[in-house]
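Student: Chains A and B supply the protein sequences, listed in that same order. For the first sequence, our numbering begins at 1 and goes up steadily by one. For the second sequence, our numbering begins at 1 and goes up steadily by one.
Treat the hints loosely; a few may be bogus.
Which copy? The list can't say, so a pair holds if one copy fits it or any two copies do.
With a cut-off of at most 30 Å between alpha-carbon atoms, the simulated DSSO-like pairs for lysine-lysine come out as follows [unchecked claim]:
#  : residue 1 : residue 2
1  : 33        : 253
2  : 268       : 34
3  : 253       : 205
4  : 240       : 205
5  : 268       : 27
6  : 27        : 240
7  : 268       : 240
8  : 243       : 27
9  : 243       : 34
10 : 243       : 230
11 : 34        : 253
12 : 34        : 210
13 : 268       : 233
14 : 205       : 27
15 : 253       : 27
16 : 33        : 268
17 : 230       : 27
18 : 210       : 230
No lab work stands behind these hints: they were computed from the structure.
There are 2 protein chains.
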Amino acid sequence: MQGIENLLDNYRRDFDRYLEELMAAQKIQPGLKKAMSYSLLSGGKRIRPILTLLTCQLLEGNTGAARRVGAALEFIHTYSLIHDDLPAMDDDDFRRGQYSNHLVFGEGMAILAGDALLTQAFQLLLEVELPAERRCRLIGLIVESAGVQGMLAGQVMDLEAENREIDLEELQLIHRNKTGALFQAAILSGALCAECNEQEWQALKNYADKLGLTFQIVDDLLDVIGDSSKLGKEVGQDLKRGKATYPALLGLKESRQRAERAAAQARKSLDIFADRAESLRELVDFVLERSS
Amino acid sequence: MQGIENLLDNYRRDFDRYLEELMAAQKIQPGLKKAMSYSLLSGGKRIRPILTLLTCQLLEGNTGAARRVGAALEFIHTYSLIHDDLPAMDDDDFRRGQYSNHLVFGEGMAILAGDALLTQAFQLLLEVELPAERRCRLIGLIVESAGVQGMLAGQVMDLEAENREIDLEELQLIHRNKTGALFQAAILSGALCAECNEQEWQALKNYADKLGLTFQIVDDLLDVIGDSSKLGKEVGQDLKRGKATYPALLGLKESRQRAERAAAQARKSLDIFADRAESLRELVDFVLERSS
Numbered sequence: 001m002q003g004i005e006n007l008l009d010n011y012r013r014d015f016d017r018y019l020e021e022l023m024a025a026q027k028i029q030p031g032l033k034k035a036m037s038y039s040l041l042s043g044g045k046r047i048r049p050i051l052t053l054l055t056c057q058l059l060e061g062n063t064g065a066a067r068r069v070g071a072a073l074e075f076i077h078t079y080s081l082i083h084d085d086l087p088a089m090d091d092d093d094f095r096r097g098q099y100s101n102h103l104v105f106g107e108g109m110a111i112l113a114g115d116a117l118l119t120q121a122f123q124l125l126l127e128v129e130l131p132a133e134r135r136c137r138l139i140g141l142i143v144e145s146a147g148v149q150g151m152l153a154g155q156v157m158d159l160e161a162e163n164r165e166i167d168l169e170e171l172q173l174i175h176r177n178k179t180g181a182l183f184q185a186a187i188l189s190g191a192l193c194a195e196c197n198e199q200e201w202q203a204l205k206n207y208a209d210k211l212g213l214t215f216q217i218v219d220d221l222l223d224v225i226g227d228s229s230k231l232g233k234e235v236g237q238d239l240k241r242g243k244a245t246y247p248a249l250l251g252l253k254e255s256r257q258r259a260e261r262a263a264a265q266a267r268k269s270l271d272i273f274a275d276r277a278e279s280l281r282e283l284v285d286f287v288l289e290r291s292s
Numbered sequence: 001m002q003g004i005e006n007l008l009d010n011y012r013r014d015f016d017r018y019l020e021e022l023m024a025a026q027k028i029q030p031g032l033k034k035a036m037s038y039s040l041l042s043g044g045k046r047i048r049p050i051l052t053l054l055t056c057q058l059l060e061g062n063t064g065a066a067r068r069v070g071a072a073l074e075f076i077h078t079y080s081l082i083h084d085d086l087p088a089m090d091d092d093d094f095r096r097g098q099y100s101n102h103l104v105f106g107e108g109m110a111i112l113a114g115d116a117l118l119t120q121a122f123q124l125l126l127e128v129e130l131p132a133e134r135r136c137r138l139i140g141l142i143v144e145s146a147g148v149q150g151m152l153a154g155q156v157m158d159l160e161a162e163n164r165e166i167d168l169e170e171l172q173l174i175h176r177n178k179t180g181a182l183f184q185a186a187i188l189s190g191a192l193c194a195e196c197n198e199q200e201w202q203a204l205k206n207y208a209d210k211l212g213l214t215f216q217i218v219d220d221l222l223d224v225i226g227d228s229s230k231l232g233k234e235v236g237q238d239l240k241r242g243k244a245t246y247p248a249l250l251g252l253k254e255s256r257q258r259a260e261r262a263a264a265q266a267r268k269s270l271d272i273f274a275d276r277a278e279s280l281r282e283l284v285d286f287v288l289e290r291s292s
């Protein structure tokens, strides 16, 4: 674990700097730039862009392109957090250890900052140094995962499920869309910055699916047993809101077992890459054991 | 005027049907689809897609591509209206003769419906039947006009200018961004669905600029002297909100004169196209004389 934690720390710092540079280089109305930067540059684990980069490296692809794609994914992830935290949605006051965007800049500006991050993500993707045909495929992959058959579908299901009983199947569907789709896009877009065969593509897809599941179960567990100072957001929020979660439906022990099983499956799906996928394999352990 | 009104009516009906087909063909979570369709398919003048189509026809380009691009622009325009009407923004209760999206579906769903329309616009653009290189240029043009150097910049300036005195120069800048940028994208993306030389490109750019200005001054005038039943939204909203407008800054007469001057300039910029640009020329008169 020590090895992967150092590696993640380095990559995270590198991405933080890169995102800062990208924002500094953009001509944006000052009030809007401030609101966008506040959430974009407030830390975060940067797991999505790191997944893009690690996958691209595994396949010996164009890491410059992967870095930019990863940044675009972080723009999209941040937009979804800002809109998700709004009073009309999850109504969260804290995010990444600071006040939510709308509490600092007002709801109107928070809505626009989210809109702007989504729009500028496409600007970044258009500038990725890959042939136009490949660039379009990449954008298509990300649109699909962030759109009505991915993240947005999950957010809508989540909104509609509030204060209503849902079963495990529905919970899994919500998570697969809300979190899993963008995880998958992160990994597969790393593959699109390189060349890979159908078998490798399927293996990565399977890896993404199980890693996303691991991530989400652990996320639910941390909301029950986590440390809010480490998490940077209040714990117990799901329970307070009457939200369905893995621990609420399965109990702590069974949830933990499911997370471990998903993690094992994620690691296993990398078998065809042998030693070359060691970082992606260690990342599974990190996701499983994380405390924030 | 009769000729252009019939033509616009036909095109509008055609686009309404096309947008209905596009929505029917998309696999979208039912609650979200309903909220998106409510605003997208609620009429509207469809001026942006018609501009795309007319420009493409003028240059004898790929009208199938232009039609799809026009639909994407209507998705983006509708998203901006939904978010603009939210309580945290303009707080409008009516739009296109019906209750605002958030009053029917709740604020959370309205935010997501806007997000979804923006995201799906890119899906539509990716499917435009043009070579990938051209498709990327097209998406780039639209991202720029909808983004932080276009429409979003205008919305932010508008938000920040509320209850503050602004002068004519600032007002023009807000309008150029908030409305003009997407008008320009509509016209120039029509040109990108065809071939045109630099002189024609500049002429169309100039036309877009002056047409956008005409449109906006008339919009401000209609908020003072218009008929709310024709407009489908309440009049007097700008005054109520203490918003700067052309009539507030220049008076009704001078505003009207400026609109006429801009309209004449718009028509004049089409000179190089001679008779071929007759529809675009008549469209200027329609925008100038419209009552809704």
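Student: Give me the numbers of the hints this structure contradicts, sorted from smallest to largest.
Tutor: When the structure is compared with the hints, numbers 1, 2, 4, 5, 6, 7, 11, 12, 13, 15, 16 and 17 turn out to be violated.
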